[in-house]
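The task is simple: from the sequences and hints, build the whole structure.
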Amino acid sequence: MIALTAITAEPLDAAALVRALDITGIGALTTFVGLVRDHNLGRRVMRLEYEAYEPLALRGLELIVQEAAEQWPDVRLAIHHRIGRMGIGEASVAIAAASPHRADAFAASRYAIERIKQIVPIWKHEYFEGGDVWIEGATADPDNVEAREKAMKIACT
Amino acid sequence: MIALTAITAEPLDAAALVRALDITGIGALTTFVGLVRDHNLGRRVMRLEYEAYEPLALRGLELIVQEAAEQWPDVRLAIHHRIGRMGIGEASVAIAAASPHRADAFAASRYAIERIKQIVPIWKHEYFEGGDVWIEGATADPDNVEAREKAMKIACT
Amino acid sequence: MHVTIRLFARLRDITGSGELTREAPGGATVGAVWSSLVAEYPELSPYEKSISCAVNADYSRFSATVADGDEIAFLPPVSGG
Amino acid sequence: MHVTIRLFARLRDITGSGELTREAPGGATVGAVWSSLVAEYPELSPYEKSISCAVNADYSRFSATVADGDEIAFLPPVSGG
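Those protein sequence lines, which keep their order, are chains A, B, C and D.
Counting from 1, one number per residue, gives the positions in the first sequence under the numbering used here.
Counting from 1, one number per residue, gives the positions in the second sequence under the numbering used here.
Counting from 1, one number per residue, gives the positions in the third sequence under the numbering used here.
Counting from 1, one number per residue, gives the positions in the fourth sequence under the numbering used here.
Keep in mind the hints are simulated off the structure, nothing from the lab.
Mixed in with the good hints, there may be bad ones.
[Stated by the list, open to error] Some chain B residues close to chain C (C-beta under 10 Å, calculated; not the full set): (1) Y53; (2) I122; (3) V133; (4) A138; (5) D141; (6) V145.
We treat Cβ as the ideally placed atom computed from N, Cα and C, and that holds for glycine.
So this is what it looks like as structure tokens:
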């Protein structure tokens, strides 16, 4: 059985993530996979390198699973984030959600990806045609109530 | 290459559906799978049998793909619905959506399942402990603007 | 003229067959075909308000005129997904 | 006392190292450790407003007091997903 949360240098497999979930009583299964895009902000991207503060990033994923369980007690969630070098079209993050009903599976999955982008200490180093840049997105404060509410709003409405 | 839309008596495979999509320029991939639940309305379900008016059901899936393409031109969508006898935990429907950005992939996937439940001529015969019943849900009128708007609202907000 | 009538799910259970062939007068509408069917199988009447119809495997209307050899399908409320 | 400072992404590029060991006075806060680091590497100062911090691989606050041997991490805005 693979772990429900992981920070890994190995290629991600959404189907394996689904198999990690207990589907007893489940009516809906969703997966979300984020792929490395060939373009970003008009730049032609060659590859990405993701760096993590691994123990805290794993803790961040676990925190997100816990937050989701508070909001959607019937949802089972698995989240894997890849680190290291990735080419175009490779998966950087995979989320699987299982739930008795579809609304909760969609919402929890969406919530998870929004929260990953807010609080998990992972950084994307973009190598584009002509240069490279560290992408800086959100400030990693898990206690920021506004950020959490924003993620919840995107997921639930 | 498997078809983007299908009504099939074979077991569904969400991963195969994903592989059917062109992922050039894609940043987000979502799948939705509906599974046969062990309970419904307090009844202990033993199995389901899905019946379809096959040519029209296929046309219905194609219509949904087309509607989604109008709303989200960058999204690529694949939908397979299984018919025949299915046990608990088996997949009755699988949807894969690929999009440059995650909001559209989630929305198109959610829209597709809502529309399937509204307009596609497929019927669920539930065999539960102590009896059986044909489940009757929505009236299959693809031109019903209110129904379409309702599905869009669920998907987009 | 002859029309083929396709019935599904509970409607099929009521009539005992998923496919019937019936006579219909020239210029008959889908609605008229349905009405004759209800006359034959009164148990169908509760579906009056909730069914949809298709002609030759395409969504249609009860006001549509049917032609000889058409396949008319009556669709109870759907429950796919 | 000694603390280990962990730096990531652009912060690591600025200092040239992902892990530094520095002296800190007893009772120093995470914020004080950061300030000494900025004194050493002025290029870090634009991150003052946007960084978060962690102590011993758990989310923390700049007001937290550090202890001998602690691992203090400074986290620039994240960009996972």
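Right, here's what the structure says about each hint:
no., hint, in the structure
1, Y53, "6 Å, holds"
2, I122, "3 Å, holds"
3, V133, "9 Å, holds"
4, A138, "6 Å, holds"
5, D141, "5 Å, holds"
6, V145, "14 Å, violated"
Going down the numbered hints, you'll see the structure goes against just number 6.
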